[in-house]
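There are 2 protein chains.
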Amino acid sequence: MLNFTLNIPTKIIFGKGEVSRTGEIVKEYGKKVLLVTGRTSTKKTGSLNKVTESLKEAGVDFVVFDQVEPNPRAETVDRGGQIAREEQCDLILALGGGSAMDASKAIATVAVSARPIHEYIRGNKTGLWKELLPIQEALPIITIPTLAATGSEANSNAVITNWEMKEKSGIAGPALFPRTAILDPELTYTVSASYTADGAVDMFTHLYEGYMTGDENANVQDEITEGLMRNAVKYAKTALNHPEDYNARAHLLWTSTLALIGIANAGRGGPFPVHQIEHTLSAHYDISHGRGLAILTPAYFRQIIKKDRPHRLARLGRQVFNITQEDDAAACDATIEALVSWFKDIGTYDTLKNVGVKKEDLKLMAEETIRVSGLGQDSIAATHPLTAEEVLRMYEEVFE
Amino acid sequence: MLNFTLNIPTKIIFGKGEVSRTGEIVKEYGKKVLLVTGRTSTKKTGSLNKVTESLKEAGVDFVVFDQVEPNPRAETVDRGGQIAREEQCDLILALGGGSAMDASKAIATVAVSARPIHEYIRGNKTGLWKELLPIQEALPIITIPTLAATGSEANSNAVITNWEMKEKSGIAGPALFPRTAILDPELTYTVSASYTADGAVDMFTHLYEGYMTGDENANVQDEITEGLMRNAVKYAKTALNHPEDYNARAHLLWTSTLALIGIANAGRGGPFPVHQIEHTLSAHYDISHGRGLAILTPAYFRQIIKKDRPHRLARLGRQVFNITQEDDAAACDATIEALVSWFKDIGTYDTLKNVGVKKEDLKLMAEETIRVSGLGQDSIAATHPLTAEEVLRMYEEVFE
Numbered sequence: 001m002l003n004f005t006l007n008i009p010t011k012i013i014f015g016k017g018e019v020s021r022t023g024e025i026v027k028e029y030g031k032k033v034l035l036v037t038g039r040t041s042t043k044k045t046g047s048l049n050k051v052t053e054s055l056k057e058a059g060v061d062f063v064v065f066d067q068v069e070p071n072p073r074a075e076t077v078d079r080g081g082q083i084a085r086e087e088q089c090d091l092i093l094a095l096g097g098g099s100a101m102d103a104s105k106a107i108a109t110v111a112v113s114a115r116p117i118h119e120y121i122r123g124n125k126t127g128l129w130k131e132l133l134p135i136q137e138a139l140p141i142i143t144i145p146t147l148a149a150t151g152s153e154a155n156s157n158a159v160i161t162n163w164e165m166k167e168k169s170g171i172a173g174p175a176l177f178p179r180t181a182i183l184d185p186e187l188t189y190t191v192s193a194s195y196t197a198d199g200a201v202d203m204f205t206h207l208y209e210g211y212m213t214g215d216e217n218a219n220v221q222d223e224i225t226e227g228l229m230r231n232a233v234k235y236a237k238t239a240l241n242h243p244e245d246y247n248a249r250a251h252l253l254w255t256s257t258l259a260l261i262g263i264a265n266a267g268r269g270g271p272f273p274v275h276q277i278e279h280t281l282s283a284h285y286d287i288s289h290g291r292g293l294a295i296l297t298p299a300y301f302r303q304i305i306k307k308d309r310p311h312r313l314a315r316l317g318r319q320v321f322n323i324t325q326e327d328d329a330a331a332c333d334a335t336i337e338a339l340v341s342w343f344k345d346i347g348t349y350d351t352l353k354n355v356g357v358k359k360e361d362l363k364l365m366a367e368e369t370i371r372v373s374g375l376g377q378d379s380i381a382a383t384h385p386l387t388a389e390e391v392l393r394m395y396e397e398v399f400e
Numbered sequence: 001m002l003n004f005t006l007n008i009p010t011k012i013i014f015g016k017g018e019v020s021r022t023g024e025i026v027k028e029y030g031k032k033v034l035l036v037t038g039r040t041s042t043k044k045t046g047s048l049n050k051v052t053e054s055l056k057e058a059g060v061d062f063v064v065f066d067q068v069e070p071n072p073r074a075e076t077v078d079r080g081g082q083i084a085r086e087e088q089c090d091l092i093l094a095l096g097g098g099s100a101m102d103a104s105k106a107i108a109t110v111a112v113s114a115r116p117i118h119e120y121i122r123g124n125k126t127g128l129w130k131e132l133l134p135i136q137e138a139l140p141i142i143t144i145p146t147l148a149a150t151g152s153e154a155n156s157n158a159v160i161t162n163w164e165m166k167e168k169s170g171i172a173g174p175a176l177f178p179r180t181a182i183l184d185p186e187l188t189y190t191v192s193a194s195y196t197a198d199g200a201v202d203m204f205t206h207l208y209e210g211y212m213t214g215d216e217n218a219n220v221q222d223e224i225t226e227g228l229m230r231n232a233v234k235y236a237k238t239a240l241n242h243p244e245d246y247n248a249r250a251h252l253l254w255t256s257t258l259a260l261i262g263i264a265n266a267g268r269g270g271p272f273p274v275h276q277i278e279h280t281l282s283a284h285y286d287i288s289h290g291r292g293l294a295i296l297t298p299a300y301f302r303q304i305i306k307k308d309r310p311h312r313l314a315r316l317g318r319q320v321f322n323i324t325q326e327d328d329a330a331a332c333d334a335t336i337e338a339l340v341s342w343f344k345d346i347g348t349y350d351t352l353k354n355v356g357v358k359k360e361d362l363k364l365m366a367e368e369t370i371r372v373s374g375l376g377q378d379s380i381a382a383t384h385p386l387t388a389e390e391v392l393r394m395y396e397e398v399f400e
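From first to last, the protein sequence lines stand for chains A and B.
Under my numbering, the first residue of the first sequence is numbered 1, with each subsequent residue one higher.
Under my numbering, the first residue of the second sequence is numbered 1, with each subsequent residue one higher.
Don't read these hints as lab results, they were simulated from the structure.
Worth double-checking, as some hints may not be accurate.
Repeated chains share a single entry, so a pair holds when one copy, or any two copies, can fit it.
As the list claims (entries may be wrong) - Mimicking EDC-like on lysine to aspartate or glutamate, the simulated pairs with C-alpha atoms at most 20 Å apart in a straight line are: (1) Lys234 - Glu216; (2) Lys353 - Glu400; (3) Lys16 - Glu216; (4) Lys16 - Asp215; (5) Lys307 - Asp328; (6) Lys237 - Asp345; (7) Lys363 - Glu389; (8) Lys50 - Glu28.
Please construct the entire structure, taking both the sequences and the accompanying hints into account.
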């Protein structure tokens with residue numbers, strides 16, 4: 001087990017109806033809040049209304065910034081930050097999926113520093129991020145996820161896309177830990193089948209990445225990770241069949257939060273290469289992050305993990321998909337088959353071509369993945385550094 | 001899954017050699033520290049020396065209070081609190097097992113309020129605890145466990161014994177969360193076989209109690225709990241055979257912290273009746289808490305759980321001890337057998353008579369358990385409230 005520091009300053013309020021306490025909770029941090037959300041879904045589903053009602057009841061002043069797009073963009077963040085400054089907001093309240101929550105963290109940063117967020121994004125061409133990360137100053141943030149997926153509600157990371165430069169990468173720092181996360185599973189009843197499934201793949205990927213690439217003497221962490229993966233697999237299916245099954249939605253939401261709260265990876269470390277390879281895809285094509293991960297995972301397992309750490313892939317299969325083969329190589333094949341079959345079952349099995357990716361872009365994207373993510377130098381230290389050629393081969397395998 | 005609030009404000013610094021950072025960490029919270037520890041073992045093993053060296057190096061002033069006994073007593077706490085006040089200490093640093101850490105939390109309380117700790121202890125005869133709990137004010141606390149057992153290093157609970165009144169019960173409150181816990185597995189190399197085993201039973205009991213008594217729609221929590229139980233069982237044995245096996249000691253220590261950090265029980269709730277039944281034993285006889293739990297657990301499983309929740313006991317057996325019986329009743333019997341066999345294997349299987357308990361005290365202790373713990377009213381709500389007669393029958397079964 002590696003040495004580690006674990007810090008979970010975000011207070012979590014979880015359960016049925018807890019969204020009605022939003023006003024009372026926000027009030028602890030200030031009088032005026034910038035409510036950051038997407039353009040349509042929180043209006044359609046009524047979540048936004050629930051939140052604004054609670055704010056009004058508590059007498060909290062608010063400004064709604066409802067301009068966050070999927071794969072939130074640097075320019076949107078900068079605009080949000082400016083509004084927070086002009087309106088003299090005391091804190092940022094995120095309502096939505098990973099996009100709204102990540103944008104809120106970035107807006108909270110920009111609102112204090114008045115610097116464009118692009119300067120903070122890891123791997124950007126300016127290189128300024130090397131001085132600016134980790135982020136030490138931001139407005140207080142409160143998160144209300146409406147989708148079980150990214151785990152952004154209770155950690156200090158965010159992913160932002162610079163659409164001009166086709167760069168999608170992370171910002172991070174202690175100031176980005178939300179003060180409180182309000183997790184109300186009922187808010188996720190209205191999530192579409194497609195986003196429910198993509199979200200399950202996102203949390204599953206958060207779990208398997210460190211499990212595959214990190215230190216192997218961390219059995220406590222491995223068993224927690226396996227338990228969470230089993231829950232993601234099990235309850236994704238239940239939630240798809242019964243979108244208003246409270247128990248299934250609660251388990252998915254809590255699994256997604258726990259997957260990235262630090263517990264699973266503390267002492268195991270391990271980079272997240274598949275996330276980084278996917279980020280190039282959604283920086284270029286604006287596809288759902290979870291869908292991109294679902295497309296890439298079989299290629300990553302077949303081309304990299306099956307060779308580098310077959311025993312880990314075999315263990316995942318035995319623990320999560322009840323694979324019984326004793327031989328690791330055979331177990332790896334069976335695991336990949338079981339995984340693909342789960343993806344098909346929940347409707348996330350797909351190809352790059354089908355989500356609109358053009359074949360002629362693959363090579364450029366592979367090269368950009370290495371440049372933006374730094375995967376070449378240090379990122380899969382525990383297995384091996386990836387090359388642009390390897391990334392290209394993965395893209396090619398799942399192209400059509 | 002029940003609604004819950006999860007709050008883990010304690011920063012955890014875990015790993016080999018981390019104890020050498022004590023001074024630098026303590027310095028963040030003040031200039032003068034009361035170092036609370038036991039009478040002998042941290043001196044013998046050199047832990048105390050490592051800590052004081054680090055404090056000196058960082059230029060932190062310290063006073064050593066080395067009077068904490070096993071099952072720490074109210075009068076010791078009051079004396080420690082007075083010294084902290086007289087010496088104008090800014091914070092409390094605990095070095096030791098659960099006793100030193102629990103005493104530190106109590107001393108941190110008394111140091112601020114100047115009230116005797118007895119007034120705060122849940123269930124005491126004065127009834128003042130009803131107003132004083134949860135504790136909102138205390139000096140900052142930093143913990144350095146030297147034993148993997150109680151999980152006190154990263155939660156806001158402590159157990160204190162009033163020896164005069166034969167009452168052992170809890171104090172709790174947000175002010176008692178340690179600011180930082182320094183978890184250095186190498187400090188536990190010197191723990192005796194007997195304490196290593198008793199500690200493993202303590203963490204195992206922290207895990208099974210809520211699992212047996214809490215809400216049953218909390219599969220994420222159940223799977224995390226089962227994973228932690230498997231690790232306790234596995235690494236206790238390894239650590240007994242190889243006391244300086246870093247990996248085993250690291251896994252035991254991290255399992256003990258995670259068992260009571262809030263993650264396992266959040267959303268499942270569930271009281272800890274066996275802990276409360278044991279507290280009466282150690283309030284009267286000053287025996288090791290873990291040993292008391294090991295003695296009582298088979299009786300609790302046979303007399304209460306096997307009848308109330310056989311499916312839960314069967315599940316524990318299947319998930320933790322590889323029990324294969326499909327019939328729940330048969331699986332319960334096999335689980336209890338496997339448990340007893342594990343206790344025998346690690347040397348914690350014992351009887352009340354053997355640890356010095358007198359038969360004529362059993363009835364009084366059973367009655368006191370109900371009075372002090374409140375087990376009669378609310379404590380096993382999820383199964384059933386216990387009566388003094390039931391507690392007595394458990395004591396009798398494991399008397400000799």
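Using 20 Å as the alpha-carbon threshold, which applies to Lys307 and Asp328: within, between, both, or neither? Within one copy only: 11 Å inside, 42 Å across.
If the cut is 20 Å between Cα atoms, do Lys353 and Glu400 qualify within a copy, between copies, both or neither? within (6 Å within a copy, 73 Å between copies)
How do Lys363 and Glu389 come out at 20 Å by Cα distance, when the copy is not named: within, between, both, or neither? Within one copy, since 8 Å is at most 20 Å while 76 Å is not.
Quick one: Lys234 to Glu216, C-alpha cut-off 20 Å, is that within a copy, between copies, both, or neither? Answer is between: at 16 Å across copies they meet the 20 Å cutoff, but 26 Å inside does not.
Could you place Lys16 and Asp215 in one of the four classes (within, between, both, neither) given a Cα distance threshold of 20 Å? For Lys16 and Asp215, the Cα distance is within 20 Å only across copies (15 Å; inside one copy 37 Å).
Treating 20 Å as the Cα threshold, decide for Lys50 and Glu28: within, between, both or neither. Only inside one copy: Lys50 and Glu28 sit 19 Å apart there, 42 Å across copies, limit 20 Å.
Using 20 Å as the alpha carbon limit, work out where Lys16 and Glu216 are close: within a copy, between copies, both or neither. between (38 Å within a copy, 16 Å between copies)
Is it within a copy, between copies, both, or neither that the alpha carbon of Lys237 lies no farther than 20 Å from that of Asp345? Within one copy, since 8 Å is at most 20 Å while 42 Å is not.
In the structure shown, no violation is registered for any of the earlier numbered hints.
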